[in-house]
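*Asks:* Which chain is which? The protein sequence lines are B and S, in order. When the first sequence is numbered by numbering that gives the first Met the number 0, its final residue is 239 and no position is left out of the sequence of numbers. When the second sequence is numbered by numbering that gives the first Met the number 0, its final residue is 239 and no position is left out of the sequence of numbers.
You may find that some hints are simply not true.
No copy labels: a pair is met if it fits in one copy or bridges any two.
[As the list claims (entries may be wrong)] As a list, the in silico DSS-like pairs of lysine-lysine whose alpha-carbon atoms are at most 25 Å apart:
#1 Lys206 / Lys94
#2 Lys136 / Lys1
#3 Lys197 / Lys111
#4 Lys94 / Lys136
#5 Lys146 / Lys111
#6 Lys197 / Lys185
#7 Lys111 / Lys206
#8 Lys196 / Lys185
The hints are simulated quantities; they were obtained by calculation from the structure and are not laboratory data.
There are 2 protein chains.
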Amino acid sequence: MKSIEVILTPALFEFRITNGEYIVVVIDVLRATTAFCAAFESGIEIVIPVSGLNELLQYKNKGYLTAAEREGNKVDFADFGNSPTVFLQSTLKGKNLAYSTTNGTQAVEMAKNSGNIAVAAFANLRSITGWLNEQQKNVVILCSGWKNTFSLEDTLCAGALVETLEQTGQFSHICDASETALTLWKSSKNELQEAAKKASHYQRLVKLGQHDDLRHCFLINTSKAVPVWDGVAFRNLSGK
Amino acid sequence: MKSIEVILTPALFEFRITNGEYIVVVIDVLRATTAFCAAFESGIEIVIPVSGLNELLQYKNKGYLTAAEREGNKVDFADFGNSPTVFLQSTLKGKNLAYSTTNGTQAVEMAKNSGNIAVAAFANLRSITGWLNEQQKNVVILCSGWKNTFSLEDTLCAGALVETLEQTGQFSHICDASETALTLWKSSKNELQEAAKKASHYQRLVKLGQHDDLRHCFLINTSKAVPVWDGVAFRNLSGK
Chain B
0 MKSIEVILTP
10 ALFEFRITNG
20 EYIVVVIDVL
30 RATTAFCAAF
40 ESGIEIVIPV
50 SGLNELLQYK
60 NKGYLTAAER
70 EGNKVDFADF
80 GNSPTVFLQS
90 TLKGKNLAYS
100 TTNGTQAVEM
110 AKNSGNIAVA
120 AFANLRSITG
130 WLNEQQKNVV
140 ILCSGWKNTF
150 SLEDTLCAGA
160 LVETLEQTGQ
170 FSHICDASET
180 ALTLWKSSKN
190 ELQEAAKKAS
200 HYQRLVKLGQ
210 HDDLRHCFLI
220 NTSKAVPVWD
230 GVAFRNLSGK
Chain S
0 MKSIEVILTP
10 ALFEFRITNG
20 EYIVVVIDVL
30 RATTAFCAAF
40 ESGIEIVIPV
50 SGLNELLQYK
60 NKGYLTAAER
70 EGNKVDFADF
80 GNSPTVFLQS
90 TLKGKNLAYS
100 TTNGTQAVEM
110 AKNSGNIAVA
120 AFANLRSITG
130 WLNEQQKNVV
140 ILCSGWKNTF
150 SLEDTLCAGA
160 LVETLEQTGQ
170 FSHICDASET
180 ALTLWKSSKN
190 ELQEAAKKAS
200 HYQRLVKLGQ
210 HDDLRHCFLI
220 NTSKAVPVWD
230 GVAFRNLSGK
């Protein structure tokens with residue numbers, strides 16, 4: 000039996016109780032990890048999360064596609080905003096993508112020293128849990144949150160992961176945070192779009208007019224992506 | 000309308016969003032803040048939380064009653080263990096108490112710079128929310144957690160505080176953590192003793208044989224205490 004621990008924000012990653020070898024599963028439902036799943040679904044080869052626009056511009060100069068928004072508007076030099084739904088409208092087979100995300104990048108930076116990192120969202124719930132089940136390793140779910148604080152939508156998704164992993168009979172959760180994520184998910188899953196509206200970051204994106212994205216980010220299994228960190232970038236291991 | 004923010008562990012206190020003047024309400028259901036309520040209910044005059052046994056011994060030498068446990072056993076020189084139920088069996092009118100608590104002391108230390116600190120548990124839910132309602136200040140609920148990680152029982156109690164404060168019509172919660180605490184509480188309150196058993200610290204205390212305490216800590220309104228920090232110690236403002 001493998002263990003599942005949930006870390007509610009990157010600031011709490013250092014206090015994790017899981018030892019030995021484990022896979023960190025980073026969640027940033029609104030919107031980075033949902034967008035990664037969409038990008039891979041559209042054929043993107045690799046995704047690199049970056050925090051600042053200067054770094055993003057360097058990737059553009061190397062020939063990467065770039066994705067960045069500020070205040071809800073696509074950054075001028077970028078090819079895309081941060082919207083997952085825009086990726087789904089394109090065919091991007093074999094392209095490389097650098098994606099600007101503050102909270103998501105912070106989470107990945109923290110997880111890098113652990114070696115194994117995968118990415119999850121509601122979008123790839125089935126495919127990522129299927130892959131995790133094959134790995135036979137302990138799992139640490141790391142919610143990206145918002146500026147180090149707790150976020151409802153990532154915790155809901157963590158709860159969905161806990162439930163789905165435990166249904167395989169191969170995993171068991173070990174901490175109060177995973178217990179709470181599971182309770183939250185079970186009490187919300189039948190009206191997920193409604194529950195999501197209570198999240199402060201959801202309301203932030205409503206004000207920026209991101210209605211299509213908001214609906215999309217709470218749809219389950221829209222992507223078969225299995226984004227896994229290879230030491231430099233995320234690659235899609237789906238079907239590999 | 001005053002705001003309510005919930006901080007899930009002391010490690011996240013620095014990321015709070017509440018500005019200006021506010022009251023920090025420290026929760027450590029198992030067992031420090033429940034014990035404070037019991038001690039005041041039995042007539043204790045002041046309570047000082049201390050972290051180490053050396054410091055506790057200094058208070059003993061000053062004439063304080065002292066409370067400390069290690070591994071479930073009362074520390075030899077202490078007058079009491081950390082059990083709230085033992086305080087309720089005594090009459091301690093006018094005495095001073097120093098109480099050893101690692102997680103509770105950490106939370107109080109962090110909150111001290113904010114000026115206003117009160118203490119809550121299920122034990123004093125009605126009395127503390129009544130007092131908070133009279134203060135007409137924003138409220139930051141600080142869960143003590145366990146070694147900086149998230150704890151289920153403190154979050155449940157935070158949810159009970161959010162619900163009770165909002166029922167006055169004078170308060171509104173402002174963050175995803177308070178939303179989650181409220182959801183957790185609502186889904187658990189009709190079977191609180193059962194829900195509490197899922198907490199890892201509950202199971203830790205079961206192994207130490209603290210069954211009476213565990214039952215007591217999830218009883219609501221067993222104390223009328225309103226423990227408020229006066230700059231040096233907690234005093235009971237109930238009826239004052």
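*Asks:* Each of the hints needs a verdict: does it hold here or not?
*Replies:* Tested hints:
1. Lys206 / Lys94: neither (32 Å within a copy, 56 Å between copies)
2. Lys136 / Lys1: Answer is within: at 6 Å inside a copy they meet the 25 Å cutoff, but 46 Å across does not.
3. Lys197 / Lys111: neither (31 Å within a copy, 31 Å between copies)
4. Lys94 / Lys136: So Lys94 and Lys136 fail the 25 Å test inside a copy (31 Å) and across (54 Å) alike.
5. Lys146 / Lys111: both (19 Å within a copy, 24 Å between copies)
6. Lys197 / Lys185: Classified as both: same-chain Cα gap 16 Å, cross-chain 15 Å, threshold 25 Å.
7. Lys111 / Lys206: Neither, since 33 Å and 36 Å both go past 25 Å.
8. Lys196 / Lys185: both (16 Å within a copy, 18 Å between copies)
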